[in-house]
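> Line order of the protein sequences matches chains A and B.
Residue 1 is where the first sequence starts when you use the working numbering, and the numbers rise one by one after that.
Residue 1 is where the second sequence starts when you use the working numbering, and the numbers rise one by one after that.
No lab work stands behind these hints: they were computed from the structure.
Honestly, I wouldn't trust all of these hints.
Same chains, same label: a pair holds when it works inside one copy or across any pair of copies.
Claimed, not checked - List of simulated lysine to any residue pairs, SDA-like, C-alpha gap at most 25 Å:
hint: 1; residue 1: K189; residue 2: E150
hint: 2; residue 1: K231; residue 2: T104
hint: 3; residue 1: K189; residue 2: A154
hint: 4; residue 1: K231; residue 2: S32
hint: 5; residue 1: K138; residue 2: A265
hint: 6; residue 1: K231; residue 2: R283
Because the structure is a prediction, the values reported are computed rather than measured.
2 protein chains.
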Amino acid sequence: MSSILNFDQMFTHLRQLGRIVRIAVVDGIDASTIEALQRALNGGFAKVLFVGKCPDLEEHPTLGLHPDRVVHVPERQGLNAAETAVALIREGEADFLMKGLIHTSELLRAVLHKEHGLLPQGEVLTHIAVSQTQTHGKLLFFTDSAVLPEPNEAQRERQIDYAVAVTKAFGIPTPRIALTHFTEEVSEKFPLTLHYRQLAERARRGEWGNVIVDGPLDVRTSVDPVALAVKGITSPIEGRADVLIFPNLEAGNTFYKTLSFFGSAPIAGILCGAKCPVVVNSRGDDASSKFYSLAFAATVVAQS
Amino acid sequence: MSSILNFDQMFTHLRQLGRIVRIAVVDGIDASTIEALQRALNGGFAKVLFVGKCPDLEEHPTLGLHPDRVVHVPERQGLNAAETAVALIREGEADFLMKGLIHTSELLRAVLHKEHGLLPQGEVLTHIAVSQTQTHGKLLFFTDSAVLPEPNEAQRERQIDYAVAVTKAFGIPTPRIALTHFTEEVSEKFPLTLHYRQLAERARRGEWGNVIVDGPLDVRTSVDPVALAVKGITSPIEGRADVLIFPNLEAGNTFYKTLSFFGSAPIAGILCGAKCPVVVNSRGDDASSKFYSLAFAATVVAQS
Numbered sequence: 001m002s003s004i005l006n007f008d009q010m011f012t013h014l015r016q017l018g019r020i021v022r023i024a025v026v027d028g029i030d031a032s033t034i035e036a037l038q039r040a041l042n043g044g045f046a047k048v049l050f051v052g053k054c055p056d057l058e059e060h061p062t063l064g065l066h067p068d069r070v071v072h073v074p075e076r077q078g079l080n081a082a083e084t085a086v087a088l089i090r091e092g093e094a095d096f097l098m099k100g101l102i103h104t105s106e107l108l109r110a111v112l113h114k115e116h117g118l119l120p121q122g123e124v125l126t127h128i129a130v131s132q133t134q135t136h137g138k139l140l141f142f143t144d145s146a147v148l149p150e151p152n153e154a155q156r157e158r159q160i161d162y163a164v165a166v167t168k169a170f171g172i173p174t175p176r177i178a179l180t181h182f183t184e185e186v187s188e189k190f191p192l193t194l195h196y197r198q199l200a201e202r203a204r205r206g207e208w209g210n211v212i213v214d215g216p217l218d219v220r221t222s223v224d225p226v227a228l229a230v231k232g233i234t235s236p237i238e239g240r241a242d243v244l245i246f247p248n249l250e251a252g253n254t255f256y257k258t259l260s261f262f263g264s265a266p267i268a269g270i271l272c273g274a275k276c277p278v279v280v281n282s283r284g285d286d287a288s289s290k291f292y293s294l295a296f297a298a299t300v301v302a303q304s
Numbered sequence: 001m002s003s004i005l006n007f008d009q010m011f012t013h014l015r016q017l018g019r020i021v022r023i024a025v026v027d028g029i030d031a032s033t034i035e036a037l038q039r040a041l042n043g044g045f046a047k048v049l050f051v052g053k054c055p056d057l058e059e060h061p062t063l064g065l066h067p068d069r070v071v072h073v074p075e076r077q078g079l080n081a082a083e084t085a086v087a088l089i090r091e092g093e094a095d096f097l098m099k100g101l102i103h104t105s106e107l108l109r110a111v112l113h114k115e116h117g118l119l120p121q122g123e124v125l126t127h128i129a130v131s132q133t134q135t136h137g138k139l140l141f142f143t144d145s146a147v148l149p150e151p152n153e154a155q156r157e158r159q160i161d162y163a164v165a166v167t168k169a170f171g172i173p174t175p176r177i178a179l180t181h182f183t184e185e186v187s188e189k190f191p192l193t194l195h196y197r198q199l200a201e202r203a204r205r206g207e208w209g210n211v212i213v214d215g216p217l218d219v220r221t222s223v224d225p226v227a228l229a230v231k232g233i234t235s236p237i238e239g240r241a242d243v244l245i246f247p248n249l250e251a252g253n254t255f256y257k258t259l260s261f262f263g264s265a266p267i268a269g270i271l272c273g274a275k276c277p278v279v280v281n282s283r284g285d286d287a288s289s290k291f292y293s294l295a296f297a298a299t300v301v302a303q304s
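Whenever a hint applies, use it, and build me the whole structure from the sequences.
Structure follows, in structure tokens:
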């Protein structure tokens with residue numbers, strides 16, 4: 001496949017794959033979730049399993065236009081809607097999870113349940129987002145802007161693993177992963193930068209296959225070849241990062257909010273690390289951003 | 001005075017004040033610094049003291065058009081150029097410092113010198129920047145994107161002090177200062193948020209005068225009334241922050257780099273805390289951004 005460079009190409013890719021991705025949506029009765037799912041149905045790549053609460057199909061007649069692709073799954077005895085949806089994933093009856101009108105914490109409790117949940121041993125639940133900006137000539141992925149306050153070394157390595165898997169699903173032949181910090185300096189004062197250097201070295205030795213990892217780089221030298229040259233720095237990323245790994249949640253969240261508001265960039269996001277992607281947009285997100293996120297999740301699972 | 005809402009109004013304000021601000025520039029021989037100073041001279045609000053190395057006036061004849069406003073001050077005996085410039089500030093012969101073709105660390109060594117430097121006891125050297133974005137209807141100040149890795153409580157309080165002084169110099173009658181974090185939640189898990197709440201309470205009791213301080217807020221709820229409403233949060237900032245205080249340098253630097261690159265926003269910056277502002281743009285900055293920064297410094301000192 002050729003690289004997916006923007007969201008339109010992502011939608012086209014999903015249509016052309018011809019694969020139907022099964023979405024288990026938990027209490028999907030809020031307007032923006034319904035509209036996002038409707039767009040996925042119209043896009044021809046989705047089957048929707050409304051787990052728990054289900055919208056009134058008389059009020060949403062267009063949902064009924066795809067009777068074989070819209071199913072209501074009531075809560076199972078003794079389980080709530082989130083637990084039921086997780087069971088569907090475990091049984092191979094659905095491909096990924098989407099949050100409707102429930103609290104994220106309730107959904108995550110089911111996902112993270114030690115015995116009946118979806119997180120394999122050694123994996124880490126972390127958020128990865130993808131943005132379409134006016135400045136960068138391709139999609140820009142970044143992690144973590146929503147979940148892990150201060151990733152430790154093992155968690156950071158998982159973030160790289162997931163970023164590799166996700167960018168490969170987008171057809172990026174040699175993903176460029178930038179480990180960001182506020183300076184390019186490697187120093188014992190900032191132990192993070194020593195780990196960054198190790199990770200870059202391990203990537204050079206081929207640990208992640210055909211993947212470039214480098215850092216510390218700041219956000220600008222990660223994505224701007226001119227800034228890189230002006231600073232007199234050389235990096236195999238060459239100012240053309242596909243992925244930014246952030247040192248902590250303050251930085252990742254600041255990037256997300258600044259890019260969306262001041263950069264007017266649409267952003268999609270999923271949780272990685274569990275057996276399947278989990279779409280957990282916040283209440284405030286509009287239908288478009290929920291649709292982008294579920295298309296993001298669909299692209300990841302369609303490739304796996 | 002009325003509020004300065006953008007950089008053009010800042011330049012107009014400086015012209016109208018009719019005050020000549022004396023800039024001590026240390027080794028100001030690089031092209032972008034010379035051009036920035038030239039623009040300040042043309043703007044009619046500056047006198048330039050070239051301390052240490054001085055550009056060849058035959059090569060830059062337009063500098064010579066203001067013979068009474070361009071002075072060369074050689075290094076004093078036993079002092080380097082940075083130390084000489086600091087001495088000029090201490091003696092009241094110059095109003096602020098600007099870095100030319102020397103390392104920032106060398107300039108800061110002179111500024112921070114315990115005996116002969118410029119940092120009063122109890123003050124903190126911290127960076128404050130101001131950006132002109134396409135989205136926010138006014139200037140947006142932020143701190144710290146360049147100096148303090150992890151401000152402690154005392155340092156954060158100084159950041160508020162300086163932000164108040166700076167925004168007052170820009171004629172903002174009631175500055176709105178947002179204390180940013182990745183969530184609006186106050187929690188013992190994040191001690192920073194407890195300090196934020198204390199600071200908001202102290203501001204309500206009038207500690208900083210006619211100033212609104214609130215937090216924790218994320219970057220978006222600080223500047224976007226719609227996001228604030230959608231999240232169901234109330235804040236006296238009302239999504240109209242004049243100042244963002246960042247929890248750490250990773251977040252502050254990420255904001256700076258993201259805003260400048262993805263938001264295409266011009267940004268000016270100065271160091272605060274010393275007896276005078278210090279302009280320390282990096283080598284890579286172009287003449288415009290150095291000019292914005294020196295105009296920012298001039299606006300601050302012209303008001304004091």
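> Each hint should be assessed against the structure and marked as holding or not.
Consistency of the hints with the structure:
no. : hint        : result
1   : K189 - E150 : both (17 Å within a copy, 12 Å between copies)
2   : K231 - T104 : between (42 Å within a copy, 14 Å between copies)
3   : K189 - A154 : both (20 Å within a copy, 21 Å between copies)
4   : K231 - S32  : between (45 Å within a copy, 15 Å between copies)
5   : K138 - A265 : both (12 Å within a copy, 21 Å between copies)
6   : K231 - R283 : between (41 Å within a copy, 8 Å between copies)
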